[in-house]
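Heads up: the sequence lines are chains R and H, in that order. One rule links them: number in our numbering = place in the first sequence (from 1) + 37. One rule links them: number in our numbering = place in the second sequence (from 1) + 512.
Some hints here could point you the wrong way.
Derived Cβ-Cβ restraints for the label pairs, each shown as a range [stated by the list, open to error]:
{"id": "1", "chain 1": "R", "residue 1": "Val215", "chain 2": "H", "residue 2": "Ala704", "range": "38 to 46 angstroms"}
{"id": "2", "chain 1": "H", "residue 1": "Gly532", "chain 2": "R", "residue 2": "Tyr162", "range": "26 to 34 angstroms"}
{"id": "3", "chain 1": "H", "residue 1": "Ala731", "chain 2": "R", "residue 2": "Val357", "range": "40 to 48 angstroms"}
{"id": "4", "chain 1": "R", "residue 1": "Lys202", "chain 2": "H", "residue 2": "Ile531", "range": "38 to 46 angstroms"}
{"id": "5", "chain 1": "H", "residue 1": "Ala757", "chain 2": "R", "residue 2": "Val210", "range": "36 to 44 angstroms"}
{"id": "6", "chain 1": "H", "residue 1": "Ala704", "chain 2": "R", "residue 2": "Arg247", "range": "34 to 42 angstroms"}
{"id": "7", "chain 1": "H", "residue 1": "Ala541", "chain 2": "R", "residue 2": "Asp205", "range": "31 to 39 angstroms"}
{"id": "8", "chain 1": "R", "residue 1": "Asn40", "chain 2": "H", "residue 2": "Ala704", "range": "53 to 61 angstroms"}
{"id": "9", "chain 1": "H", "residue 1": "Lys598", "chain 2": "R", "residue 2": "Lys256", "range": "50 to 58 angstroms"}
{"id": "10", "chain 1": "R", "residue 1": "Lys229", "chain 2": "H", "residue 2": "Lys536", "range": "37 to 45 angstroms"}
{"id": "11", "chain 1": "H", "residue 1": "Asn533", "chain 2": "R", "residue 2": "Thr185", "range": "22 to 30 angstroms"}
{"id": "12", "chain 1": "H", "residue 1": "Lys560", "chain 2": "R", "residue 2": "Asp205", "range": "35 to 43 angstroms"}
{"id": "13", "chain 1": "R", "residue 1": "Lys256", "chain 2": "H", "residue 2": "Ala731", "range": "21 to 29 angstroms"}
{"id": "14", "chain 1": "R", "residue 1": "Val357", "chain 2": "H", "residue 2": "Arg535", "range": "21 to 29 angstroms"}
Chain R residues, not near chain H, derived (Cβ > 12 angstroms throughout) [what the hints assert, rightly or not]:
{"id": "15", "residue": "Ser69"}
{"id": "16", "residue": "Arg70"}
{"id": "17", "residue": "Asn72"}
{"id": "18", "residue": "Pro104"}
{"id": "19", "residue": "Ala142"}
{"id": "20", "residue": "Cys151"}
{"id": "21", "residue": "Asn165"}
{"id": "22", "residue": "Val210"}
{"id": "23", "residue": "Ile213"}
{"id": "24", "residue": "Thr222"}
{"id": "25", "residue": "Lys223"}
{"id": "26", "residue": "Glu259"}
{"id": "27", "residue": "Asp342"}
{"id": "28", "residue": "Glu352"}
If you're looking for bench data, these hints aren't it; they were derived computationally from the structure. By construction, the Cβ of each residue, glycine as well, lies at the ideal position given by its N, Cα and C atoms.
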Amino acid sequence: MANKVLVILEQRNGKIKKSSFEAVKVASEISSRINYETEAVIIGNNIENIEETGNYGVSNVVHFRNPELENYSTSAYKKILLEHINSTNPEIIIIPGTSLGKDLAPHISAKLDCGLISDCIALNYTNNELIATRPIFAGKLLADFKVTSTKKIFVLRPNVFKADKISDMKADVKTIDVDNLDLSTKVIEIKKTDTKLDVAEADIIVSGGRGMKAPENFKLIEELAELLGGAVGASRAVVDAGWRPHSEQVGQTGKTVSPTLYVALGISGAIQHLAGMRSSKYIVAVNKDKDAPIFQIADYGIVGDVFEIVPAMIEELKKVKSN
Amino acid sequence: MKIAVCINHVPDTAAKINIGNDRKSIDTAGVAYVVNPYDEFAIEEALKTKEKFGGETVAISLGSDANKETLRKALAMGIDEAILLKDESYRDSLSVAKALADEIKSQNAEIVFFGKQSVDFDNGVIGQMVAELLNYNSVSNVIKLIIEGNKITAEREIEGGKEIVETTLPVVITAQKGLNEPRYASLKGIMAAKKKNIIEKIPANYQNNVELIEMKKPASKQPGRIIGTDASAVQELIRLLKEEAKVI
């Protein structure tokens, strides 16, 4: 009988990522609602903070270990997980929606022939059924879905579910050394970009648009982002113009983001851009056109020249910080 | 070598999307449709692969007669053959993947391109599902691709960087923006595409594992305050972010 919620954790450089703790929290809430057990599984080599998962509500973690598993491999990771799922038979599988989770989840769904809902922003029980809400059309609409197969996979959008510690409990970790790895797909190298934070994971995003006028002016945006501890984002127009890399693009053909604070500088707010960032908790906009659509969804707006206002924001923040 | 590219017909990204009366589909009145933007990168990569290694390209789309417009665009760009898997019913991602996998198998395609996601339902899962169903290798979110003989080296975008992945054929690649610059269809291509036949097939009907309950509008965000019109407003803005929103 399946009576387990399995949560798949992710590590990078030997550390469990924040989105995995968010997933643990969601998994343990579901388990306690329906009186199931929660189990977590993680694949990697040496991982520092596995026991910490206990703080978020999971008491058992299975760690599959091999030096070759330090970096992601679609083939190796899915083989290990499928074997584990087949032997432990969990009913609900929760996966953080990072680039790794989004790659892995559909393989597992297809192999197990079970329903998968990606990019969930809410999971609620309604009439004893687990209903997932997710954005469609890049957030122009939301939709409710349910999985009808016995096994159910939910992939969570990072940064939406909060990972608050609920106890000081340490998780029991069972380490299994694995061999017979299937390395038919293998990451041979990871190249980091210069920017420290990715928009998909950042809690604060400072984005620039065409109103920044030239690529070199983005140093203002970079400085402000650094002061705020946030990531640099960009509108499609500036990415298409080659001013900024595509990895920074926010919007319908870029990344859909949900940070706590989104600062839109010189961005007028095309429908595709608004779709990608409208679920941000607080939105600040600076634009010289008072009729720009961005002001329709901004919490705080300044109608004015970015080249006057952004340097003033940088100065003011420095002052606030030094106090 | 047979090269397949799976493409979708989606509302233009600039379209305002409204919910239909059944609450389970969108109101298509006045909505312009386009080739799914990510699929344009997939089509371009299929064409480049053929130019380099020879072979034949086939575009496959599942949907209604309207999808022919998108298939026609692929033909105009230079794709050799187009197949419409005609089905208008609601299918979940896995059911779509099964129908596409059946067709790719019958085509014996060794390399299959997808856009990394379709900008309507935004699931981003079908390419990897097809790979699994066919027992092919896969790399998702690809921004650079090198094929040498049987060997594939791909760069995929991840948070804060990229992974260099090695694998072998047969393979499914899902294309991310940045992989290439999609070409424009030439006038000659457009004329030739008009004459080409789009093959229609009825795909097998697979059971859905995911049920769509209803679509909703996101809570509308109230426009906030305009704090000022020059740099003198900055001090107040920072105060509000600190004390009212408590975000800095």
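Against the structure, the hints:
1. R:Val215 <-> H:Ala704: 38 to 46 angstroms: violated, 53 angstroms
2. H:Gly532 <-> R:Tyr162: 26 to 34 angstroms: holds, 27 angstroms
3. H:Ala731 <-> R:Val357: 40 to 48 angstroms: Given range 40 to 48 angstroms: violated, Cβ gap about 31 angstroms.
4. R:Lys202 <-> H:Ile531: 38 to 46 angstroms: holds, 39 angstroms
5. H:Ala757 <-> R:Val210: 36 to 44 angstroms: holds, 39 angstroms
6. H:Ala704 <-> R:Arg247: 34 to 42 angstroms: Holds - the Cβ-Cβ distance for alanine 704 of chain H and arginine 247 of chain R, about 37 angstroms, lies within 34 to 42 angstroms.
7. H:Ala541 <-> R:Asp205: 31 to 39 angstroms: Between alanine 541 of chain H and aspartate 205 of chain R, where Cβ atoms are some 57 angstroms apart, the hint is violated.
8. R:Asn40 <-> H:Ala704: 53 to 61 angstroms: holds, 60 angstroms
9. H:Lys598 <-> R:Lys256: 50 to 58 angstroms: Given about 53 angstroms between the Cβ atoms, the range holds.
10. R:Lys229 <-> H:Lys536: 37 to 45 angstroms: Holds, at about 43 angstroms.
11. H:Asn533 <-> R:Thr185: 22 to 30 angstroms: Holds, at about 24 angstroms.
12. H:Lys560 <-> R:Asp205: 35 to 43 angstroms: With a Cβ separation near 56 angstroms, lysine 560 of chain H and aspartate 205 of chain R fall outside 35 to 43 angstroms, so the hint is violated.
13. R:Lys256 <-> H:Ala731: 21 to 29 angstroms: For alanine 731 of chain H against lysine 256 of chain R, whose Cβ atoms are near 36 angstroms apart, the range 21 to 29 angstroms is violated.
14. R:Val357 <-> H:Arg535: 21 to 29 angstroms: violated, 47 angstroms
15. Ser69: Nearest chain H Cβ is 24 angstroms from serine 69 of chain R, so the label holds.
16. Arg70: holds, 19 angstroms
17. Asn72: Asparagine 72 of chain R clear of chain H: closest Cβ-Cβ about 24 angstroms, beyond 12 angstroms.
18. Pro104: holds, 17 angstroms
19. Ala142: Violated: least Cβ distance 7 angstroms, not greater than 12 angstroms.
20. Cys151: violated, 6 angstroms
21. Asn165: The claim stands: asparagine 165 of chain R keeps its Cβ more than 12 angstroms from every Cβ of chain H (closest is about 14 angstroms).
22. Val210: holds, 25 angstroms
23. Ile213: Consistent with the label, isoleucine 213 of chain R stays out of reach of chain H, its closest Cβ about 24 angstroms off (over 12 angstroms).
24. Thr222: violated, 4 angstroms
25. Lys223: violated, 5 angstroms
26. Glu259: Glutamate 259 of chain R is indeed farther than 12 angstroms from all Cβ atoms of chain H, at 15 angstroms.
27. Asp342: violated, 8 angstroms
28. Glu352: The claim breaks: glutamate 352 of chain R does not keep its Cβ more than 12 angstroms from every Cβ of chain H (closest is about 8 angstroms).
Comparing the model with each earlier hint shows violations of hints 1, 3, 7, 12, 13, 14, 19, 20, 24, 25, 27, 28; every other hint is respected.
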